[in-house]
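One-letter residues, chain by chain:
Number of protein chains: 6
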Amino acid sequence: MSIKIKNIIPVTGAVVTPEMIAYIGKYLSPDTQLITSQIKVGTPSIECAYDEVLCSPDILRLCKEGEDEGCDAIFINCYGDPAVRAAREYVNIPVFGGFEPSMFLCMGLADKIGIVTVVKNVVPLIEGNVAKAHFDGRVCCVRCVDIPVLDLQNHEKVVAALVRESLKAIREDGAQAISLGCTAMIDVAEDVQAALKSQGYEIPVIEAAQAAVMLLEVEAKMHLLQSRITYMRPPKK
Amino acid sequence: MSIKIKNIIPVTGAVVTPEMIAYIGKYLSPDTQLITSQIKVGTPSIECAYDEVLCSPDILRLCKEGEDEGCDAIFINCYGDPAVRAAREYVNIPVFGGFEPSMFLCMGLADKIGIVTVVKNVVPLIEGNVAKAHFDGRVCCVRCVDIPVLDLQNHEKVVAALVRESLKAIREDGAQAISLGCTAMIDVAEDVQAALKSQGYEIPVIEAAQAAVMLLEVEAKMHLLQSRITYMRPPKK
Amino acid sequence: MSIKIKNIIPVTGAVVTPEMIAYIGKYLSPDTQLITSQIKVGTPSIECAYDEVLCSPDILRLCKEGEDEGCDAIFINCYGDPAVRAAREYVNIPVFGGFEPSMFLCMGLADKIGIVTVVKNVVPLIEGNVAKAHFDGRVCCVRCVDIPVLDLQNHEKVVAALVRESLKAIREDGAQAISLGCTAMIDVAEDVQAALKSQGYEIPVIEAAQAAVMLLEVEAKMHLLQSRITYMRPPKK
Amino acid sequence: MSIKIKNIIPVTGAVVTPEMIAYIGKYLSPDTQLITSQIKVGTPSIECAYDEVLCSPDILRLCKEGEDEGCDAIFINCYGDPAVRAAREYVNIPVFGGFEPSMFLCMGLADKIGIVTVVKNVVPLIEGNVAKAHFDGRVCCVRCVDIPVLDLQNHEKVVAALVRESLKAIREDGAQAISLGCTAMIDVAEDVQAALKSQGYEIPVIEAAQAAVMLLEVEAKMHLLQSRITYMRPPKK
Amino acid sequence: MSIKIKNIIPVTGAVVTPEMIAYIGKYLSPDTQLITSQIKVGTPSIECAYDEVLCSPDILRLCKEGEDEGCDAIFINCYGDPAVRAAREYVNIPVFGGFEPSMFLCMGLADKIGIVTVVKNVVPLIEGNVAKAHFDGRVCCVRCVDIPVLDLQNHEKVVAALVRESLKAIREDGAQAISLGCTAMIDVAEDVQAALKSQGYEIPVIEAAQAAVMLLEVEAKMHLLQSRITYMRPPKK
Amino acid sequence: MSIKIKNIIPVTGAVVTPEMIAYIGKYLSPDTQLITSQIKVGTPSIECAYDEVLCSPDILRLCKEGEDEGCDAIFINCYGDPAVRAAREYVNIPVFGGFEPSMFLCMGLADKIGIVTVVKNVVPLIEGNVAKAHFDGRVCCVRCVDIPVLDLQNHEKVVAALVRESLKAIREDGAQAISLGCTAMIDVAEDVQAALKSQGYEIPVIEAAQAAVMLLEVEAKMHLLQSRITYMRPPKK
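Protein chains in written order, with my numbering: chain R, 1 to 237; chain X, 1 to 237; chain F, 1 to 237; chain W, 1 to 237; chain D, 1 to 237; chain U, 1 to 237.
Pulled out of the complex, with its shape left as it was, chain R reads as follows:
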């Protein structure tokens, strides 16, 4: 069975590159396809609740488009999980943002998770997701590197900042695994993990977009679907 995953870019900025798509899909089965689409109405990046609100309606449009195209699963490519609950109500295929699948992989490998994200504005948003998921007992900190989403191209600077904050997460907050808290942190997890290991900390560093598409592939292969008690279909009016 060949799986098609809709990869929805939930921002209007020119953020998509072939390298990014390759990176995200790196561990998928060879015949699984990532079908990337970008919203047209919204903000260039998502860095606060305000951005989420403006991007969410067009995300839902693309979710429906994905379902109509015969996709088996939908990835809303953002760590903040914008419109994820609404999308699960709206379409009849599984949906993930970046937060939840990243947590699941981390929690299978470590007791306490440190999240390192981009900017301060996002921290309360992610803490809200942690609380809503009842994961406060597992997430020991949400830190940020203070680099806006649209400035994440400088690979060296981003890695250095992530290592710095990850070390604080480990030493000050007790983190035992790191979840990179923004799906635009491409191709850095490996270098951060290696740098932490060289400091004596051999722990997993999880990139959320890879986590998401891998778990969506699993859900699609297993024909899993969201609970219709948790996510009832939107009522007709």
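Since the hints were made in silico from the structure, they are not lab data. Keep in mind that a hint or two might mislead.
Each pair may be met inside one copy or between any two copies, as identical chains are not told apart.
Claimed, not checked - Here are the simulated lysine to any residue pairs, SDA-like style, with alpha carbons at most 20 Å apart: (1) 237 / 44; (2) 4 / 225; (3) 4 / 28; (4) 26 / 36; (5) 197 / 222; (6) 168 / 44; (7) 4 / 236; (8) 26 / 155; (9) 120 / 167; (10) 197 / 137; (11) 236 / 12; (12) 120 / 173.
Let chain R serve as the given structure and place chains X, F, W, D and U on it in line with the hints.
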């Protein structure tokens, strides 16, 4: 000082009546004004996460309009608190939906709160708000009367259903106060409270829209403003 | 409707001044009255559980006196909420100490609250109140300035100490709003808030006595009464 | 070393009998003495927060008396733990009420504890103690037999009611051990335990006064004293 | 890359059948291999903590054997996760029992999970796993069908009992997804899910062994390894 | 009644000395006997989950031996509580490891407990026990002195390290009592407590083995037995 509170109707249905406005504002200071505006783009009612997403952008437009009109505070007239966090980032005046202020009044009067809302679809939404606010230790149940928002006009039927579910909340779940979980439940709290008292349960039944405008009036009088650490202004891009 | 709020000074020390009364009532409706009475049997200040026990019986006497005088609500003027639960059982009008209303205002404006109180002895007391209210998920620290209640007159010294501890609460503990943890901290919230803002932290600093009388005014206007399931009347014996 | 434990009866009712003293002290070392004293100012029984407030000052007087008499530990003979925290500040010997030691014994024998107490008024009080101790994860219910403290002499009726509520606690709430939630439930634990066993539930039923004096004996033998960070001595004024 | 997963049968009973192996591996990539080995020292089934202790040393021996054989991941085929933490310390490849991966799949599809297991003895064990993982906020009940592991062959009887308990989990406890709480419940999840759907409950029913091998395949493909802060290598002595 | 407590040394190392036995039993009733036996199959010390698994079967053998010898209670002499739950199922007399009884004594004397153990490997193990017992609200840190169990003989070095970490627990984490997190820390609690007092911190420092045998003596005297709902007897197969 005369206070102006923007009362945003976050749905497109014909739900606003003079009686409703009078009821909501019943306990406000005589010189406090409620300025009611309704969104133009969205769904007729909000009964799931999908509805919230579609209504939220236009809610934010009205929040800004309220701030520009010189309002002192904003009430997003829905128990689900749609776009409340985004609005707090976006405008420089305090903002409430119905959930939070209803909880604050209930928690000052009782240890354990039962929420009784409209339809099943809303239950996981409200439970999500409870978890996000870390109020699981205080809210003992979220029940519903199974009546859609747009059918709430039948006063007798609504009261009977609310009494039935409130009694279950008290007897089976240990509720000690009832929060009516939809801001369209107008003019029923008093009758529900009286009916419960006649059954031997003398407990407060809190109507959320009244709770919200009363607490917004307090915030406005005290010149309170949301924390800019929790709610940073949306970054310029 | 004109509201009368009994303001019970639950200590025997000479702590009441006209300035304090004016400050507490600053934001009340013009026709709301604060009727201040002080206990006669107890300790000069409340700084530990031992003090609370000795002051509580006379607090209850004044609660009853307030009800008999036709008051609409009772404020037990102490952040530790001494005898609040007993008073709610005893009288048929709403009752607040300083802790709960301060929490409600803070939680409407920020996710994580830092409490800054007077002396170390009070910290476990306040932490007990936090636990009892199930607010551990919202209160990130209880710090103290190490100044006894009866030495709080030195305005400059108190403000400087509060700013110092508030900055630690923000930077080390993640506080996003500050609750002043003693109702004798008069006329300092504004200066603390301004000082924090000048350091880049634009967050609310809530004075508890003002919070209490404002929320009692709301409860009185709305004819709210404590739940008689949570607070049953003392049984006749 | 011979231990002296002050047994403070924190109510004014004629509740003390030689049988009760013998029952409480049944498992103590032969040379441990129970020195029973009763308060003079207070209420006949403690069945609500109001009663606790009125009895607490005289409890403290007897605590001091106990310390001055050379007692090694103090038992405040009430499940509600009235004045326990204040007493720990006030005297320099260990202090227990009934709630905490009963919990410790139960938690060593079972995962989930059901508390069965006297009257409804006490339930929120005990639930407050549970929350304050952070034992919500271990206590699955607080039920009551609806028999006032001063009517507990009818042994058969009390046992029957305790068995009935304990069975509900087991079957409906998942209780795996029962803590009798009033220290005036004398000589019934054994019969309740036997009755539950005859129904197929072989679980411990813990009497709180026995639990308390046994653990105080342990504390006294080990020369343990309350933490002076948690319980600072009352400040001189 | 071809993945090899060691499937450790942690009991000595004759429970392995070709159908079971086929069922577990049903959704794996075609070139992934399941290498099944069974312990030699232990108990016929695992139904309590005592059984876990007796089976665990030989489980560890097989884990090491799996690693030495070049396996990429290890599945300890039991919902109780026996020896999982020890195995993660001991070998340098990822390890899962049934509990954790089942939770991860369920939590991606529903808010509240009901677990339905075999016998009463296992319930406190699973509740312990839930608490240890800090998943109390997500798991709403642990129920059992009261059928011993070694009697699970009667397909019809098992399905009927699972449907009965799942309906109680949904209706009485609020379950929104069902996790089958024993890895010997083979080939029943589909029938249980269909039966629940026919009753109006369209929710996922997750079989834990399938969940485990699918997530181990993901971990192996992504080269993930347990955190060496959480799971340090056993110290040399 | 003379009590016999089986003291099971759950490791194979030459750790038992007459001084250790005398120290552990120091506060027991004169006629209570400690019957010490050591396992024969296992690891020299328990410092990780792997060690626990290897030692546990022989611990169970000795538990049974203890019961057969007519012992009244069993102490599994390790802070990690290895095989404690299994032993409670297996034998019909009460069982403690070091963790639980240490917690009970600490929680009766202080609100927040700091645990100071031997090596880093044990920290996640103890944190797991804390979570499983639902004591997260009471335990504020698990720290370690970084000294392996088998190097604990150097009294001065051990005391100095314990004081250093206890001071961090107090100052950085808010500990109000210290639980020594390894039952091989013999004869040091008194010195640590004295050193902390000399620094201004008058708090209890609890040695776990003493705590365990004292509480087992209480359980034996009171004829208490584990709940057979929590700990059902191992099923016959």
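Numbers of the earlier hints that this structure fails to satisfy, in rising order = 6, 7, 10
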